[in-house]
Every structure is written in structure tokens, then in C-alpha cells.
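Build the complex from these two chains, which are given one at a time in their own frames, with help from the hints.
Chains as they are written, first to last, in the working numbering: chain D, 1 to 413; chain Z, 1 to 419.
Don't take each hint at face value.
Claimed, not checked - Derived lysine-lysine pairs resembling DSS-like cross-links, with alpha carbons at most 30 Å apart:
no., chain 1, residue 1, chain 2, residue 2
1, D, 37, D, 71
2, D, 151, Z, 293
3, D, 313, Z, 195
4, D, 151, Z, 26
5, Z, 176, D, 306
6, Z, 293, Z, 235
7, Z, 251, D, 306
8, D, 236, D, 44
9, Z, 132, D, 57
10, D, 186, Z, 120
11, Z, 400, Z, 133
12, Z, 400, D, 151
13, D, 44, Z, 251
14, Z, 318, Z, 133
15, Z, 21, D, 151
16, D, 57, Z, 133
17, Z, 251, Z, 240
18, D, 355, D, 234
19, Z, 293, Z, 195
20, D, 57, Z, 120
Unchecked claim - Per the computed footprint, the stretches of chain Z lying under chain D, defined by three or more beta-carbons under 8 Å from a beta-carbon of chain D, are:
no., stretch
21, 30-36
22, 54-60
23, 151-157
24, 239-250
To be verified - To give a feel for the contact side, a few chain Z residues facing chain D, derived at Cβ under 7 Å:
no., residue
25, 40
26, 164
27, 193
Since the hints were made in silico from the structure, they are not lab data. Think of the CB as a built atom: it goes at the ideal place given N, C-alpha and C, for glycine as much as any other residue.
What follows is the residue order along each chain.
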Amino acid sequence: MAEARDESIKKLFDAKSAKVDTNKGEEYFSDLYESCKVRIGELKDMPIAGRGVDLRKALEDDGFERRDFLKWASATTAMLMLPASFTPLVAEAAEVMNRIPVVWIELSDCAGNSEALLRSDGPKIDEIVLDIISLEFHETLQAAAGHQAEKQLEEALELFKGKYILFVEGAIPLGIDGNFGTIGAKAETFKDHLLRLADGAAAVIAVGACATYGGIPAAAPNPTDAVGVMDLVKGKPIINIPACPANPANMVGVVLHYALTGSVPELDSLLRPKFAFGYRIHDNCERRAHFDAGEYVEEWGDEGAKNNFCLYKMGCKGPMTFNNCSIIRYNEAVNWPIGVGRGCIGCSEPDFWDKYAYERPMANAHIKAPTGGVEKTVDEFGLGLLTAAGIGIGIHAAASAIAGKKNSDEKDV
Amino acid sequence: MIKKDIIEKIEGEADVVFTQKNGLIKDVNLTFPYMRGVESILEGRDYRDALVIAPRVCGICSHSHLIAAVHTIEDGMRREKIKFTLSDKARHIRDFAIACELIQNHIKWFYLTILPQIYKVNHLEVPNDLIKKASKATYAITKAMAIFTGQWPHASYVVPGGVSCDPSYVEIMQAKALVDEVLELVRASLFDDTKEIRAIGDLHRALEMLQRADLLSTSHGSEHFLALADTFFSKSGEYKGATRFDVDIKKVKESQREDSKAKEALYGNDFVEVGPLARALINQDAIIMRLQKEHSGNIWSRIFARVYEGYVLLLKAKEALESIDVSEPSCVLEHNKKDISFAGIGIVEAARGSLIHEVVVKDNHIHTYNIITPSQWNLSRGSADKKGVARASVVGARSKEEAYLILRSFDLCSVCTTQ
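Excised from the complex, chain Z in its bound form (with noise of 0.2 Å):
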């Protein structure tokens, strides 16, 4: 029997339809029944306006769509040879909001989005203090992050050639004492690190819930994963069959899906799953990869990743606020008025994977924008012989919610991916 289902809480609506074979679900559909068009409004418009246009495109994984906006802007003024210097406290500043937008992104879908379909899945009743536990962590990690973007979301302090802030050390203490407090409470309720690497709190619950649901047992993942950026926390590559390759931007492929709003994108032929997990086995991450082999790419290993990137980010954002030198310039940018025309590319890792955008610029002005976002490697359908990741991963699940655990799992954002 086919029923139409929307999936929601994964930020945005998506228009979801389970094919179901002896209780067992036997394909997915996801449709996107939402469009806004930030590209064809990008075109026109002063480049420098991308600045401010492109974060909008999700306010949920706005500053990502910052740097990218940034980098292609400063890969187009290196290709032609405009003279600009990105000093190491900008490179810093920027990589602290970063890591912060990740973490509050990571901490979030934790217990907002994952840990109360955990609960659901085992027919138990959802506490309602997650949202509390969640904003506690959250509210920190953006506060110590507007110090320097000026407001999360949808910060304007990034120009090419650097950033427009330039903090004194009054307000780096102030910075690190709140990334300080959001580590308090990762260590009470999520990871203990005294040692080594261990699971606790919430997280550990997570865990046995998983298994008492029986979902260990299971492989719901994919065997094809790819990071595209090389970023202060993690390398890019291409991870296929326990090995792991460079990556060729050129293999980046996009094409229109015929019953929705949404593009697919390909890695060469291949559907390919982006993500924290990805970006964990690429880097060859010990921990992960220990993970990897003993659940064999089953839900708990990307669950646990993405969790433990924002633990790992939190030590990168420290490090990167003990680097920041007060008395380097925010920004140098030698030419700054002149009108140009360049083409460029910007690649960044977001929370939920690789995110490109891509412009060609005359006279100043945007020509072509275009924008793939994390969600819509994920998410792409495929064909019924080849299935895209997320589409792929649900197949056998048994029952609906358990469908939804899994689709969560990628967590799919729907604003990203109908911008």
C-alpha cells in the first residue's frame, strides 16, 4: 500500500512517500514542495552583495553559506591576480565562528532532532527537558560566536581580504570562558574524556536504546563517502571500499529532479554520502574508524560522529581563539574599488557536509550563482537500481518511525536544499 507522509523537523517540510512490501519499507521518496530562487535573485547584483544575500539562503547553516560566499569571491580574486592577504588572526576568527556554528548545529539536531525519535522508536515517551538541555549548550556557542560575527544567524562581519571585527583580548576571554561552559557540559552529559573517549550521559542512553530497538544489528549506510573542502579540522578525499583517494571538483555533478524542487548532485556517477562521518573516515579518525568496522556503517556510527565532531571542534575552537594575535591586521585588501570580473569557487564544510558555491562575475556583477548544499548529496533519488544514499539506507527498515530514525540520521535540511 502506498500512503503519502510528510517527514517534517528536519527544518523545513519535505513530502515524504514509503513503499511498504510485508511491513518491511521497500523505497522512499522525498519531494520538496518549496521553492524561493536565491540564485536567479543573486544574479545582477553587485558580487559583493552575495555577502549578505547568500547566508540567507538557511538560517540554520547561515555562516557556512558565509565562508562559502567569501571564498569564492577571494578563488576569484586570486586567479586573476588581485592582490589581497588573509592575515592569520581573520583565518582564525573565521575558522572560531565556524567550529561554533557546528557545534550548536550538532548539539541541536542531538537532542532535538535524533535523540527524541530514539526515544519514539522505542515507544517511549519524550522527555520534555531536551529542548532545555539543548539550549543551554546553544545558547553559549552562539553567544561566543556573535561576539566576533556580531549576531547568529545571518552574521555580515566576513569581507574578502579578511573580517571586519577586531576584538581586543577582554573579549577573546569572554569568548572562552562560554566555550569553556559548553564543554562543562559535554563532558557531564554526552562524552567522558578523562581517559579515553567513552560515551556517557545522554548519549550512552542513545546507545541503549539503539540496541533495545534492535537497530545495531542492521547496516543502514552507505560505503561511498566524500568531504570536498580541506578546512583547519578536517582533510578532504574521497573514502571507497576502506580506502581513501583525492578529490577532483571537476567529478561534481548537478542535475534537476522532474518531480521536485530540489537538485541532485553526483561525484562522478556515484551517489556519495557527505557528513561529519565522512569527513571522520577520511581523516582517518582512529575512533570512528574502530566504530565503523564494529557496527559496520550502521546508524550509531554516524550518530556518534556527529557528536563527536562537535566535542573535537570545541577543542579546535579554543585553539583557535589561543591563536588569535590581537595586534595583526583584520584585513588587507589592496585593491578595493576597482570594478573586476573574475570567476570563482568556494567549498566549505557545513554541519552536515560539503557545500560549494560557485560565481562568475562582470564587471562587478554576478553572471551565474549557483549554490549545492550539503542535504542534496544525501538526499539525491537516483534511480530504483541505483538509489540515492538516504534513500538507499531506509530500504528493510521495519517500521515507519524507523524509517524516519534513519532519514534523521543524515539530517536533511529542506530550506538548504530548495534555497
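Just chain D, same shape as in the assembly (with noise of 0.2 Å):
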């Protein structure tokens, strides 16, 4: 099952329908093979982070052979939008990840991603090269506690200084001063935290919806100012792997393209990787052809429901959505939201908890489509996103502005 899984996301990132560029000609190709090679080649010649593990050795304990492996490689490499042949560099990207550095750090939120992340979620071989990225600090996950922890945290900002990645879980309340979160023994607000944590950094990564855009605690009237990292964090790479939880798949992927590129992956004008939020839900959803047929489910429990048929009337926002779940699934990719018959709430959009309140169709939504003012009946918006390039371009071009980041310039690190 996992083998045809494999294959079928490695077809559907290949594509031709993507939207995203993934053909810049063979001479892109051959310089940026050899750049990896040189990269790789580099890191191979560190030693490995802290608290780095060997990828083979968790393999094998893991039960995993080679061939496994090889084939998680493949399909890594075409949703990464890689050419085939940069297969065997992303195995070794993989093997020498244990180079990089990484802190995570909890602001506010419910920890979810963590759970997402490190106990529930993704596909066997993503949590194994999870595991041997080297985590040099992380609060649920490690063994010290308290003032220990603290230490610990302090020895790898000044270790690793410049060179570890900074995963941020959770948004930063600005209310009352910063009061709403402290962390440590001396009060450090959840601001100022942040903000020393991601000087030393060499690029920050935002991982689900509170850390990217806010998320819950900014969901009007947002009680404590909360704000999502890049509206703080400035003259830094900042990478947002948003939805609620965002998929540790994704999480992956962005680390492993630091490896393998040195650089961070194309993003979209909200910074996220292009690889991952290059697709709406809809354009790969399992139940487009009931869309397309004008076939939905009118109430919970109907015929319709029964019947698997399309969820835009009760409310699915996967039409204006840009996320890879239609593919990867959660769970060990045992499903996904759609899958059990309830829409998509848009989570990994800004704002989507005031403006796509989850079980208004979307032609009562209130959101601007580009082909200009709210859609009225279903048709008319099948129409406008079968003929526009898609309403979430609209939005995206919104939030260019406080992004501050254009499509693809490709930043190094």
C-alpha cells in the first residue's frame, strides 16, 4: 500500500497540471546538481550536530532495508519537484541531516504540531529522518526539565550560533507588554524570546497556523494582540509551514532541502514552500468529480454523503485552500479531513477562522473572489476557478505586502 502511495505522489508532483514552475531547463538543473553535490559533500565533512543520530543505524533498528528507503527517496525527490535524477543526492541530503542544528521552541498555542510531528503523524521513513535531524532543544520531547532545560538551550544558541534552524510552535501575544506568555525563571516574554532565539538563527521556520499567521489566539477579537512570526522576525529567511496541524511531511521536506540546497525552498508570497502550497486541496481532491458533476452533499447523513459526493455546500473550503493534504493525508497517510466527509476549513490560510467560518458555503463567505465580488451559486464559482488561475491568488496578492517577499527569489542562507 505504502509502495502505491509512493508512486502515486511522486505522479501527481510530476504532473504537467502543476501550476508551479517545475521545468527551468537542463542547465538549471546541472548547476544546481552540482552545487548539492558540493553541499552535501561539505556537511558529509562536519561532524554530526549535538544530538544528531545515524539515519542508517535508526533504519535498520526500525526494520527498514535499503530498498525502503530508496524508494521514500524517490518520492521525496518529486515532491520536493526535483528531476528524478537528484534522487541518490536526496538520499544522502537525508543521511548527512544530522549536520544541521535544530531548536523548537512553544509559544502560544496547544501544541499540536508537536503532537503532529513527534508522536502521531507522517509517514514511517519522515519520522525517522525526523528523529536523527539533530533536536538541540526541544521542551516536551527532552529529558531535562526546568533550569536544566534552560542551560541547555543557552549552550546550543552559543554553539551552534548562526548555523541552527529555529522551529517556532505557537503565536506571540504583544497584549499587556508581552504578559500573556513568559517562559523561563526570569519572565522572558514569548516576544523577546523569540526574537534572541532568532538572531543567532539561520533561518526560522513557522510551523502551523498560530506561528505563521496567528492562528487561534489572533481569531477576532484576539483577546491578547496575538501575531505570527513574521510579523515580528525581520532580515531573516523566514519559511511558514502553516495548517492546523501542519503536516510533518512538509516539515521534512523544508529541512531537507536546507540540506540538500543550502538554501531554502521557492516560496509563495505568504513564504510558504512552493512544493507543498503550490496546489489547492480541490485540484487533487479525491472527490472532484463530483464537484465537476455538480454532485454535493446537502446534509450530514444524506444520500449524498453516503455516496462520497462533493462537500463545497456544506461549507468545504478546498477550492481556495493551498496545501499538499489532498495528497499526503495525515496519519500515516491513513486519511484526511474530506476523507471522512467533512470539509476542508481552509486551516492553512491567514485568517481562515473569521473569514472561513467553517460551515458557511463559500459563496456566503464574504471572500473576494479575483474575478471581483462574493460568488452567488456554485456554478458561477466553478466558472471563475476553472477560468481565473484560482481564487487564492487573490489573497495571496493581499498579503505579498506584509509578507515582504516576492514568489521566487530563492534566499541564501
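Quick look at the structure:
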């Protein structure tokens, strides 16, 4: 089953219909190949960072064969939108990921992303690859706690200054001078804590809806005046991996891309990696055929629901939500929300708690489509989607001013 | 000497200040320097939005919040005589998912929170394979759950009047195989159930280490227990002085603390312990009653009760799967889109104890929303004369590590507590 899934992922991401430019020409890819080789060579010469683990051994311990691993590498290469010839490099990059120190902090959140990442989710080999990253600091996972943990963090910050990747989970409350959230014995505010840690980081990765756009804490009336990482951190490469929870496969993709190329992956205007957020849920939805055929669920438990019809009229936000969960799915790819007959809530889009509220069909959700005005009927809406490049683009354009970063610039880190 | 300390690994963060005298812990103050204000975010929204927002109170017990949220709506509908029928199928699917979330919480807590702390109290190095041991079982059980719920954490498959999923027998078989996988792991490293239930492997090792650290001779327990919800696996009740009483929801009180962002929860005027130990005692579970008697409320009975509940729930989860009749409807709700007003209350037994959601809806919009989480019960501070449950239980601990162990035996969740 896993094999078939890996193959289908590969196919989908290789498909010509992809809206993201995957064919950048032979010259581009041969240059990239050479630079990746050099990069991996450099990483290989570096010692394994503080807490890194050997991947080969970890895979062996869990009963995986080399063959399984290469299959995973091939699917991952496709997911990262690289030509198949990069597969051996991706495999090597996974093996040297343990050279990259990672610091993970939790701010104003529900711990859901840590839960998703570390204990409940993701295809098997992804988990192991994540296990081997050199997690220098993670509050919930590490054995140390309290003062001991604080000391460990300070040491990691000093030792890996300028080199570590900072993962941030959770929003940053700015209300009452940041005192809705403080950390440690010195009661440092979340804001100060984030800025201090971001300062020494090579790149900052905001994981989950809260860290990217403020999420639930920032939902109206935003009682704690919460914001996301990109609203505060300046002058550092920022990568957003939104969704609630974020998909672990995408976290692996980002770290792997960094190991491979030394740079952040191509991002959209909301700083999301295009390999994961270049498509709408709707584009690859298993119920898409029913949308095209005009077959909808009209009420929970009706005949349409029994026949897995399209959930658009029940408020599914798949047509305007950019994410790859229709392909990657959740919990070892066993299922996803639309698979259990509940529409997408649009959790990887900014302000979705307020704009996308859940049981309102999009036509009543007061979201401006690029075609102008609020769509009135499903027919009109379908037409708009199929003719325009996609409703999300309008939203992206509006947000790019805040994000302050254009689509395709790859920054060296 | 008073020293400010922080306790982590309780899923989030809390500040802990210990007062020590002659080397013994005299008092402890736990505060939570953190809040999000989820209740006020819910106010003013469509009542159905709670089904998506309330689970996000906590990524650790998100499903319990989801069920509590749907119970408030269904309770309100019942009071307003709005017709809906919860099919047995929908009920079994919900129960199965509830069981899965509790199982994963219990296993994770044992391996990642309590066992490492037991090693520490014994001045032994914490083995580094504990995460792996826990994750094998938790991956499998959350995967089984996601077959019906779509994802974990933050599932949204529950709707008033039922569930949105419509599984086939193939999916039920798939889930059953996963439950069996976990059961096998539990039988290999926690319980021998061939004759009578007996702690083996890692659980037995925990007991030995507690003995070695001389933690079984003193009591770190409470005498007043509470479980507010009647569920497929436990009955509600109050347990005091070895007698069970019926519960009265009107006796639940909540108050704001001045020095912390958490609220306190009381039953009548008393601080009560909630959680797996409370449930087992209220249900007069023979094994736990015997343990409680033998060990007179020390830390071992609390630890054993929680891991044991995980085992019992695995059997219950299988039962629930076997009871699903796929030909029944998933959801029956006759009204669907009318404007409604109601007041409702939803109570569930979450991993750490009784969880309450309370809502008042006016013309489809949430007027007020109130949440009381399990850790609020166990964590209530109280006063110097009348201490809260967790606070009282650490008095007399011989070291800070020992006090941390006792605090963690309640598995205090600061994410929930501060919302």
C-alpha cells in the first residue's frame, strides 16, 4: 500500500498540470545538481551536531531495508519538485541532515504541532528522518526540564550560533507588554524570547497556523493581541508551514531541502514552500469528480454523504486552500478530513478562523474572488475557478505586501 | 529558602515555586504565565464554529474537547425539543475515537512523563529508547482513530446528530488490526493478562524503582474523588471516605486566581481529584480498590490506575468496533439550518479527568462559552489551611525531584488549564 502511495505521489507532483514551474531547463538543474553535490560533501565533512543520530542505524533498528529508503527518497524527490536524477542526492541529504542543529520552541499554542510531528503522524520513514535531525532543544521531548533545560538551550544557542534552524510553534501575544506569555525563570516574554533566538538562527521556520499567521489566539477579538512570526522577525529567512496541525511531511521537506541546497525552498507570497502549497486542496481532491459533475452533499448524513459527494455546499474550503493534504494526507497517510466526509476548513490560509468560518458555503463567506465580488452560486463559482488561475491568488496578492517577499527568490542562508 | 523554579514537560509550561523546610517540601505554588483567551474568541460566533475551534484549546486532548463541544449542542437541542437521533453506529464510532485518544495519552504519559521522572528520582540515567517505545503504540492507535476522524490531533468529523464519516467493513477491519497491534505491545511490556492482571516489563520496573526510592511507604494521595460524566467505560460519581455518591453538576464552582491565568474548580467547597484513579474507584474496580487499600493512596495506585485504564480501553475500543453496524445512518438531524437558541452543557471524561463545556446560544450565535478542564480540578491552589489536590500531595516530599514526580503523576496540562 505504501508503495502504491509513494508512486501516486510521484505521479501527481510530476504531472504537467502542476501550476508551479517545475521545468526550469536542463542547464538550471545541472548547475543545481553540481552545487548540491558540493553542499552535501561539505556537510559530510562536518561532525554530527550535538544530538544527531545516524540514519542508517536508525532505519535498520526499525527494520527498514535500503530499498524502502530509496523508494522514500524517490517519492520525496518528486515532492520537492526535483528531477528523478536527484534521487541519490536526496538520499544522501537525508543521511547528512544530522549535521544541521535544530532548536524548537513553543509559544502561544496548543502543542498540537509537536504532537503531530513527534508522536502521531507522518509516513514512517519521514518520522525516522525527523528523529535523526539534531534536535538540540525541544521542551516536551527532551529529558531535561526546568533550569537544566534552560541551560541546555543557552549552550546550544552559543555552540551553534548562526547555524541552527529555529522551529517556532505558536503565536506571539503582544498585549499587556507581552505578558500574556512568558517563558523561563526570568519571565522573558514570548516576543523577546523569539527575537533573541531568531537572532542567532540560520533560518526561522514557523510551523502551524498559530506561528505563521497568529492562528486561534489571533482570531477575533484577538484577546491577547497575538501575531505570527513573520510579523516580528525581520532580516532572517522565514519559511511558513501553516495548517492546523502542520503536516510533518512538509517539515521534513523543508529541512531536507536546506540540507540539500543550503537554501530555503521556493516560496509563495505568504512564504510557504511551493512544493507543498503550490496547489489547492481542490486540485487533487478525491471528490473532485463530484464537484465537476455537480453532485453535492446537501445535509449531513444524506444520500450524497453516503456516496462521498462533493462537500462544497457543506462549507468545504478546498477550492481556495493551498496545501497538499489531499495527496500527503495525515496520520501515516491513513486519511484526511475530506476522507471522513467533513469539508476542508482552510486551515493553511491566513485568518481562516474569521474569514472561512466553517459551515458557511464559500458563496456566503464574504470572500472576494479575483473575478470580483462575492460568488453567488456554485455554478458561477466553479466557472470562476476554472477560468481564473485560482481564487487564492487574490488573497496571496493582498498578503504579499505584509510578507515582504516575492514569489521565487531563493535566498542563500 | 524560597527559590523560583520552572516545571516543564507538563505539556506547556508552568512556574513552580517550592517552599522547603529542613530539606522537606513544605508547600508549592504553581502559576501559569500564559493565556490565549479561547472562551472569548468563541463568543459571538456561529455555535457550530465551536466544533472547529474548541478542539484547538488543546492539541493533546483535542478530541475530548470536540466531543464536549458537540455534547453541549446536543444537550441544548434536547432541551429545546429539536429532534435528532444519535444512531448506535455514530455512538460507537465516537466512543472508539474517545478510547483511542485516552489510550495514546496514557501510554505517552507513562513513557515520556512519569517513567523518566522515576529514573531521575532513583538517580539513574533515563534510557533513550523510551520515546521509541511510546511512539510505536501511539502511532498505531492514532492511525486507527484517524480512519474515522480524518486526522489527529484536531479532528472535525463530529456533527450534531452523529458523525460525518461512513466507514465500510474494510476500514473497521483495518482499525481492528491496529488496535490488536497496540494490545500486543501492551501485553509484551506492561501487563500480563493471561490469568489475572499483573504488571510486567516497564510497568513492573517502575514499581521496583518506586520501592527502591522508598516512595511506597508515604501517601501522596487525596481522599476525595470525582468523575462527572457517564461514559461507555465509566460511571459518574463522587468517592469520599470509601463511599460512592451520585454527582450533582450544580455543585461545580469556578473561581479566578489572582496570581495566575488559570481558574480554579471546586466541587461544593472541596478540592477533588479527577482522572483515571478517580474513575476506577468510583466504578469500584476490584483491582484498583485492592491497590488503593494496600498502598493507601500513594503514587503507585495513581500510576497503575492510569496505565491500566489504557489497557481496559483497548478492549473497549475493540468492542466498539465490533458493535458498528455499517448499514445504520451516520447522522440523523431533522432540523438542519433553522436559527436556534439554546443553553447546553457537555461533560466528558478526558484522559486527565472531567472536562466541562457550557454554552448559551442566541439565534445561532454563541452568547457565552465556558470551559472547565481536568487540570483545573487537580491544580486548584486553595489556601494554606485548605490546599488543592496536587499542592497538598507534595507536602513532605524529600526532594524537588520527588515533588516533581508527584506533580507529574497528576499529569498537569498547562495548555488546557490556561486556554
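Do the hints match the structure? See the list:
Distance hint between residue 37(D) and residue 71(D) is fulfilled; the C-alpha atoms sit about 20 Å from each other, no more than 30 Å. This hinted pair does not check out: residue 151(D) and residue 293(Z) have alpha carbons roughly 42 Å apart, beyond 30 Å. Restraint check for residue 313(D) and residue 195(Z): the C-alpha separation of about 55 Å exceeds 30 Å, so the hint is violated. Proposed proximity of residue 151(D) and residue 26(Z) is supported: the alpha carbons are some 27 Å apart, at most 30 Å.
In summary, the hint linking residue 176(Z) to residue 306(D) is supported, as the alpha carbons are separated by about 22 Å, within the 30 Å threshold. About 21 Å separates the Cα atoms of residue 293(Z) and residue 235(Z), which keeps this hinted pair within 30 Å; it holds. For the hint pairing residue 251(Z) with residue 306(D), the CA-to-CA distance comes to about 43 Å; that exceeds 30 Å, so the pair is violated. Proposed proximity of residue 236(D) and residue 44(D) is supported: the alpha carbons are some 25 Å apart, at most 30 Å.
For the hint linking residue 132(Z) to residue 57(D), the alpha-carbon distance of about 14 Å falls within 30 Å, and the restraint holds. Only pairs whose Cα atoms come within 30 Å are accepted, and residue 186(D) paired with residue 120(Z) is accepted, the gap being roughly 25 Å. At most 30 Å may separate the alpha-carbon atoms for a hinted pair to count; residue 400(Z) and residue 133(Z) meet this at roughly 27 Å. Between residue 400(Z) and residue 151(D) the alpha-carbon distance is near 18 Å, which keeps this suggested pair within the 30 Å criterion.
Proximity of residue 44(D) to residue 251(Z) is assessed by CA-CA distance (about 64 Å); at most 30 Å being required, the pair is judged violated. About 22 Å separates the Cα atoms of residue 318(Z) and residue 133(Z), which keeps this hinted pair within 30 Å; it holds. Restraint check for residue 21(Z) and residue 151(D): the C-alpha separation of about 27 Å stays at or below 30 Å, so the hint holds. A threshold of 30 Å between alpha carbons decides the hint, and for residue 57(D) with residue 133(Z) the separation of about 17 Å falls inside it, so the pair holds.
Straight-line distance between C-alpha atoms of residue 251(Z) and residue 240(Z) comes to about 15 Å, which keeps the hinted pair within the 30 Å bound. At roughly 27 Å between alpha-carbon atoms, residue 355(D) and residue 234(D) fall within 30 Å of each other, so this suggested pair holds. Of the pairs offered as hints, the one joining residue 293(Z) and residue 195(Z) holds, with about 22 Å between alpha carbons and a cut-off of 30 Å not exceeded. Between the alpha carbons of residue 57(D) and residue 120(Z) the distance comes to roughly 28 Å, so the proposed pair stays at or under 30 Å and holds.
Counting residues of the stretch 30-36 of chain Z whose beta-carbon sits less than 8 Å from any beta-carbon of chain D gives 4, enough to reach three: the coverage restraint holds. Coverage of a stretch by a chain is defined here by at least three residues with a beta carbon nearer than 8 Å to that chain's beta carbons; for the stretch 54-60 of chain Z and chain D the count is 5, and the condition holds. With 7 residues having a beta carbon nearer than 8 Å to a beta carbon of chain D, the stretch 151-157 of chain Z meets the requirement of three or more and the stated coverage holds. Note: the stretch 239-250 of chain Z has 0 residues with beta-carbon separation from chain D under 8 Å; the three-residue rule is not met and the coverage is violated.
Contact between residue 40(Z) and chain D, as hinted, is supported at the beta carbon level, the nearest pair being about 5 Å apart and thus within 7 Å. The interface hint given for residue 164(Z) is met, as the beta carbon of that residue sits about 4 Å from the closest beta carbon of chain D, less than 7 Å. Look at residue 193(Z): its Cβ only gets to about 25 Å from chain D, farther than 7 Å, so that hint breaks.
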